Structure formats: structure tokens, C-alpha cells
Amino acid sequence: MNRMKWVFRLTAVSAALLAAYGSAQAADEPVQAADEPVQAADEPVQAAKPAQAAEDDEITHLTEPESSVSLGVGTWTRDRPHEGIFDGMRDSGAYGLLDADVVKRNDATGTWYTLTGRNLGLDSRELMGEFLRQGDIGVSLEYSRIPRDNPFRINTGLQGIGTAGLTVSGAGANAFPFTDVTLGTTRDLTQLGFYKNLMPGLDFNMSFKNEEKKGTRQWGRGSAPEFAVEPIDSTTSQLETTLSYAGEQLQLSGGYYGSMYNPAHGSVSIFTNGVAPSATSPTFLSLPLDNQAHQLFLDGGYNFTSATRGTFKLAYTRATQNQHLPTADIPGLSLPGGPISLEGELDTTLVQLGLSARPIKNLSLVANVRYHDVQDETPVRRFVQTNPACGSGQCVDNTPFSYTTLTGKLEGTYRLPAGYSLTGGIEQRYQDRTVPLSNANGAGGADTQRVVPMRAKVEEITSRLELRHSLSETINGSLAFLHSERDGSEYVSAAAGPGGAPSDLINPIHIADRDRNKVRLALDWAPMENLSFQFGYEDARDKYAHDAARPYGLQDGSAQLYSVDGNYVVNDNWQITAWYSRDTTEAFQLGSRAANGGGTGGLTDKDSRLQDIGDSVGFGLRGSASAKLRLGADVQWTRTNSEYHQTLVTPGTTSGLTPLPDIKNTLTRVGLFGEYALRKNSDVRVDLVHERWQTDDWTWQFADGTPFTYGTTTDGTTVNANAKQNSTFVGVRYIYKFQ
Amino acid sequence: MSPPRYLLAALLQSLVLTLGVALTAQSAMAAEDENGADKAPHQDMVLKGDAKCTRCHDETEAYPVLSIGKTRHGTVADSRTPTCTSCHGESSAHIDNPAGTKVRPMVDRLFGKKSTTPVASRNEACLTCHQGSKRIGWQSSTHANRDVACTSCHQVHVAHDKVRDKLTQFEVCFTCHKEQRAQINRPSHHPIKEGKVACSSCHNPHGDNPKQLVKSSVNETCFTCHMEKRGPFVHNHQPVTEDCTICHNPHGSTIANLLKARPPFLCQQCHNHTSHPSQASGLPAGRTTATTQLGSVGRGCLNCHTNIHGGNSTENRATAGRFRR
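Chains A and B, in that order, give the protein sequences. Per our numbering, the very first residue in the first sequence carries number 1; after that it's consecutive. Per our numbering, the very first residue in the second sequence carries number 1; after that it's consecutive.
Treat each hint with caution, since some may be false.
Okay, derived cross-link-like pairs now, DSBU-like style, lysine-lysine, Cα gap no bigger than 30 Å in a straight line [what the hints assert, rightly or not]:
| no. | chain 1 | residue 1 | chain 2 | residue 2 |
| --- | --- | --- | --- | --- |
| 1 | A | Lys104 | A | Lys680 |
| 2 | B | Lys193 | A | Lys409 |
| 3 | A | Lys737 | A | Lys104 |
| 4 | B | Lys134 | B | Lys102 |
| 5 | A | Lys196 | B | Lys134 |
| 6 | B | Lys114 | A | Lys209 |
Rather than coming from a laboratory, the hints here were simulated on the basis of the structure. It should be emphasised that the depicted structure is a prediction, and the values quoted were computed from it without experimental measurement.
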């Protein structure tokens, strides 16, 4: 209750302003003030006019949209190859800091004029303008750029980077000069939005997005472990139009969503300098080709009663990929008479029905049935045939994959006394999956193409039970148990992999029989008005079943998460937050190791235990040192540790390989800011950030720690992962606020 | 102005001011009846009919009320704009306190952390107007059925609702989703903390799609930004056609390209061939082209199987079929 406070505040503000205004008036108009002192006493209404104006100003200040523009400069002391990949400040040096948030509203018409600019001085800039007559019509236009810089230092002789023709440095005299190259991409998104209210409850929305993606991405030559660069220039467009009706009982939303992908290049040819053209040189690498999808959708909901609601979703999508296959035009490369376009077609159907109800006061139920069908209607045709007999690996057809998934869910929550509730639920999922039985040998029979065993059906049933306590001022929380079992139909064998039968000895991770148990505890505790804690614990354990026919693959996995968050409000001016979390994951998998896979003798086993531990600490401080000075601090510290334990049944047969060391990544980021109010409508802000990043990731290293280098006689590209980063940012900006 | 006249004028003004303050405060107090309600009419300040609330509540509240005027909810020219009681209920007991209790009864519908109003009732206030479009399936959503209130995430009275700004949205989501809070700081991550991708770029927190995704499946969601992976390809890689999250963790990873496991381990979770796919992991001593030694370093298995998401090569060689072209 602030009744008296409010009355006093406005009156006091008015009085103070009146005093100031009155004095000024007296100073400006000494004769009047001197000549008519009685008037002031006799006419309090006149004196109240500026008071009323001040009150109006105060109310306007409190109730009208605010705008701000900030302008400044900041500088990073050193390069930030890892932490600066997205924010447009990868390199050391000065950057312009310009942001704007201009919001104006015409109160009489309810019309908003918005101009928002972020990072306008950086490569990660974005700008959005909007006109909106609320409840009637609106138009918005937005531009946004996402840069992504490759964090590595790459020294290469590769020629033609960014184009569809690459030439790898040759051996000896055919070696090119080497230079450091910078790879990276930019996504420039332009978005147009339109909104129109057609009648009460009926809205039309349109959104069109066009994204230009440009740049280069680290790639490989294919077959040969050589450095290559993928030119990723492409355009994606998305158009979504929606007609939405929202009434008291019935809601409908339907429309069209279309998405189009158009690449600038269809393939890349890679030469090796000094190597004469042959059957294998140049290498022709394919690129993603243009594709498009068109979707019609309709969602709806109906309130049968205040406690019973039904919903539905219908959607049909047709995606196609019909671009002419570029490599089909290269003389002698393709199968004579082979397809020149894929004629790819993916048809997706979604039907979902839902019901939520509260049949009795303390019981609520939710039920859902969902049918999701992805049918790849692409015709199966021969693309590779090196031998009409079609032995293993000699013939290749395209392999469409289709999935039909039916999911049913039922969940009930019963409200118990004292703020407790008990939730129980069950979800069952059935999936029919395509198992390509290659006709590559022309007449069915043994599959000569597929290299992984597959299942035609997969089923999973998940049950969960949760006890929740809520609506308490001190302790709220929940304890949940989840159990799921996944299995499926008999595996359809695969024997086309190298060596034949061993390909069939595995349960692929995503379709393997699996039991999963999960426990989740969440606790919110507020022991005092100004102190609160949040505790979390999760434990998930997966167990994969195997039989003698398929002993390999993931055996078991587990994950734990511990977290604690604290919030302490010191007083009206200061607040502290702090948190810590630890997440651990572990996976144990078994595989075979063949003599020609670097082992010795026959087929033996190897097992791998992969562990990841992540520790994260956060600290935040916000406060006001005075009425004009606001201060804040943020500390973020994250460390991850990855371990790779591998046991070979036949030890010592590593063929020159050194066991993988652990990998530790550490990120420390300390940020401080101070914001001082120069005037009521202007601030100056100073930011200070110190960032440290360190890794001993060996991904781009040889066993002795030297940078990874491609090839033996040709190529020679080296990749340096920039294992350390240590940089400090200082930024100053002036913020002007207005209404 | 001579000093005596200035002093006189100042004195008179002070008297007027003092009198004005005293009279105003007195009249305000006098206007209160026994139950604390004003008898004198009080003007609306922001919303239609808000006088019954704003005569007591203002911006000095722990949760300021007048700043709702800065928001879409405070745009009264829009006839759909609610009043205080649209959301909080008529709250007669709170306003009139007929029992004359020392602590007034709460409003009919109270929001905020310490609310004792059932979540469903709180959400009902919002759904009265916001049930349509992307929120049609709210009642079936995971959030709704875990007692998440609209106001658990949204701040209704403020101009800047943190969860509707992609620069700050994740802070709100991480109030509950602690695992993801840690993951976005992994070396490989989407530009979430950089403010370029928001949780709601992929998730519809009001929807009932699996994992509350914005689209009906994982892949369809990923394709909104990674459309080049949609295919179909001449050479499809099965898990790519099914679910991107079989191999990727979109929230962050210590392994490049958001991979869940590092090659060759990841690949060996499905592939168990002889020859080089069966290789042990390890670091080679130096430069090599031996495929049995290159599954762990560099791009791992992808050093050679470079088009792992699918290839469109028509090359009449078996190598084209293993994503090497």
C-alpha cells in the first residue's frame, strides 16, 4: 500500500517544482512579483497550474514510451579468435559503439513508430524499423548480420579460395607460396513483416525473410585428407502468411509457409598443381543444390467448456530438389545414361489432435495424438555402376528414407492439499522406417549397398511421475521420475561395408534397444524476504541392450547435473546473484578393430569410455552507489574437461598412434560497468571486460603438439588452433534518453 | 529587486507552498473513509478505470504499475487494451476491505513469485486475449503442464520485457534450464550469448510441438537456418534425414560443429566396419595420409567423408557413395 506515499510524492514533487519554477518566475519577472504579492496569496489556483503541469510531466515520464541513443567507442587490447567469432570484434583495436532504441507512440491513434539499431558500429549490426497502428495495421523492416569467423590460423598454398575452382599446392617445384588465410561467413538477413487486423479477432500476418549467406567454410577434398574450402554463397528465402482468428471459444490459425534455398555454386573442382588430369584428377566435389518447400497449415483450438479444450494441427509440406546435377555434365565422369537431376520430393503430413480437461476440480488431464509422416517420394535410380554384377560397393542407387511416427500421450495432474500436486503421464511412440533394400544387384537379394543394420519399426514408451509443491512463499519444488524403454523390430542386416559381416555387428545408437531412467529434483527456497536459493539435480542413465549377434555400439551412458543459484537483495540499492553448476556425462561404447584398421591379427575388440565434466560459476552484482551512479559486475568462469579412455583388447597395436590426451577448456570473463547520470536524460557508461580463454585441445595437433599438417608431399596446409586468448575491452559511451 | 522585497516575495511563496502541501495532504487524508477508500473522484492515469488502483499503487511499488503505460497494454487507443481489473479481477475485497482487516485481502488474481493464485487462473487472464496464433496449443504444452505461469517469464508492466528481447531472453530461460546455461559457453555454440540467436529462434515456449520447437520436427526447425541440409540428396546419410540431434547438440559442445561426440567415436556409434572405420582413436606422430590414423585429428572421419550431410555427386565411382564427393 502506498497511498500516502503517492499523494505526498506528487504533491511534494509539484511543490518542489513550483518552488523552483516560482523562484525563476520571480527572478524573471521581478516587477510583477513585487507588485502583486497579494495576488499570489489570493489566487492559489494560479500557483497550482505549474504544479499540475509538473504532475502531468511526471505522469508522462512514467507512462510514455522512452527512447535512447548511445554513442561511444571501445577497444580490445588483443585478438579474440575464439570468443570473437560471432560478435564482430574478433580483432584487436577500436570499434564504434552505436545503438539506438527510438520508440514513439501517438496516444490518440495508438500508433507506434519504432527504430531499433544494435551494434551499428560493428559487423554484427542490426537495424529494425516498425510502424504499427495497434490493433489495426503494421509494417516492419529489419536487417541483421551474423558474422562467423573461423577461429583457426590457417597457413596454406591453396589457390582459388571462395571460388568453385581450387588448386592444391603440389609437390616439390609445384608447391605454391603459402599464406595465412582467414575463413568465415556472413549471414545478411532482411525481413519484411506486415500485419493487418481485418475484423475483431481476425488478423493477417505476413513475413518475408531473405538471407544472403556469403563466405567460406573449412572443408576437405574428399577421399584424400587434403585441405579444401567450401564456397557457401547462397540465398535463402522464407515467406509465411497467416490468417488467424481468435474468438472466445474458437481459435484458428492457417496459412502458407514457403522456403527456398538457392546456392551460387553447384560443385567445386579441385586440382593438384602439377598433376595431369586423369580419372581421379581433378576431384569434383558436389555442393548442396537448390531446394524448396511449400507448406499449408491449419491449427485450431476450441473451448468446449471453461474446463475442456480441444486442439488440432494439420500441415502438409512438399519439398523438392530438382536442380540439374552439375557433375552429370562432366564428360566421362558419370554413369552413361544416368540421371541428370534427382527429381527429389519429400512429402510431410502432420495431423495432431489434443484434448485438455479438468473433469473435477482437482484433476486436470492432457491427451495428445500425433501423426507425423515424412515420405521421400524420390524415385530410386542407379547413379554408380562400376560392374554390372554389382558386388559390394560396385553399384549405388539413391536411397530415399521415409518415417511415419505415431505418438500418443496422456498426462494427468491431481491437486493435493497444502499446495502439492501429483502428475503422472505416459507417452507411446511408434515409428515405421524405411530400410533400403538395395536393388543395386538388379534383382533384390543380398543388400550390396547399405552399411549399417536398420530396423523397420521402432517403439518407445515413456512414463513419468512428478510430485510438485507450489504456491508457497518459502519452499517450492518438484521431484520427477522418468522411465522409458525403446525397442523395435528385428534388424535388417547390412553386409555391404568394408569386410562385409562386421558391419552388421552393431546396434546403431538412435535405434538401439534402450532403457532410460531419469530423476529430476528442483527446489526453490526463500529463507528470508531478501534471500533465495534455487537447487537443481538431474540424473539420467541409459542402458543399451545387446545380443550376441550385435555386441557393438554404445553400451551405456549417463549424465548428471548439479546446480545452485542464490539471490540476495542487500538493500533497495544493491543486489547480488551467484550460481554454480556441474554437469557430467559419460558414455561407454564397444567396437571391433580389424587388422586392416590399424590392428593386428583378426578382428578384436576395443572399448571407449568418454567422459565430460563441465564446471560453471557465475556472479553478478547490481547496485546504485548514489542517485546518479549505477554500478555492476559480472563474472563468468567455465571449465570443461574431456577424457578419452580407450582399451584395446590387443594392446600395443596402435600403429604409431598416441592415445588421446584429456582436453581442458577454460573461459574466464569479468565484466564491470558504471553508469553515471549526467542529467535526467543523459548518462555516460563505462564498460571494462577482461576475457581469458585457454585450451589444450589436440584436434589440430600431432602427437608432439605441432600443428596439424595436411598431406605428405602435396598440400602442406597447417592449422593452428590459437590455444590461448587474453584480451581486455574498455568502452565508453554516451547515452541520451528522451520521450 | 531589493532584498527586502525579494525576501517578502519568497516568504509569501513559501507560505503558499506550505499551505498548499498541508492542504493537499490533509484533503487527501480527509478523503479516505474508514476503510481507506477515497470518496473524492480520482482520475485515471493510464488505463481506463485504473483510478481505483492508481489512487494507491504507483511506480514506487516493488513491481511498478504506472509503467504499463509504456507498453502495448498501455495503448488505450487500441480498444482491446485491458484495464487493471481485466487481469487482476474486480478485487472488491481488496479495494473496500469490508472486514476492516489490518492487512487487506489480496487482489482476486495476484501474479508474481509469491502469488497464491493458482497458475491456471493466472494464465487464464492472459489467455483471454492471447489464446490465438502460436499459443493455440498452450494448454497441451510442457510449460503449461509444469505449472509455468505466463508471468514466470513475462514482465507485463515494463517497457522492456526481457524475454522478448533476443539479447536478454536466455537469462529468463536459464532461470530453469541450467544445463543449457552451461552449454552456451562451450567452445562450439550458436551465437546465443552474442544476442544473434534466441531460444525462441528454435523453440516456441507456448507451443505443443515436440521439445516445444517452432516447427513440427527437429529437422524442419533446423532447416529454417540450415536449408542446405534439407536435400534430398543423391547420396543421403540416414541420420541426417531423420534428426539432426542424433549427432549435434544445438545448445553447445566442446567439440567443433556442435557435435555430441568426437570422431571417430561418434561415427563408430553406428559404423562397425573392418578396414579404417574400425581404427582406434589416437594422434598420429606426424604428416600422414593413412586413413587408419586420421579419424581423430583435424576433421576426423570428415577429413575424407567431407560431405557428411549428403552428396549430389554423379561420379561413377563407389567413392561417391560414401559422402566423399
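Comparing the hints with the structure gives:
1. A:Lys104 <-> A:Lys680: Holds, because 19 Å separates the two Cα atoms, which is no more than 30 Å.
2. B:Lys193 <-> A:Lys409: Judged against 30 Å, a Cα distance of about 34 Å means the pair is violated.
3. A:Lys737 <-> A:Lys104: holds (12 Å)
4. B:Lys134 <-> B:Lys102: Cα-Cα ~44 Å, so violated.
5. A:Lys196 <-> B:Lys134: holds (17 Å)
6. B:Lys114 <-> A:Lys209: violated (42 Å)
The earlier numbered hints that this structure contradicts are 2, 4 and 6.
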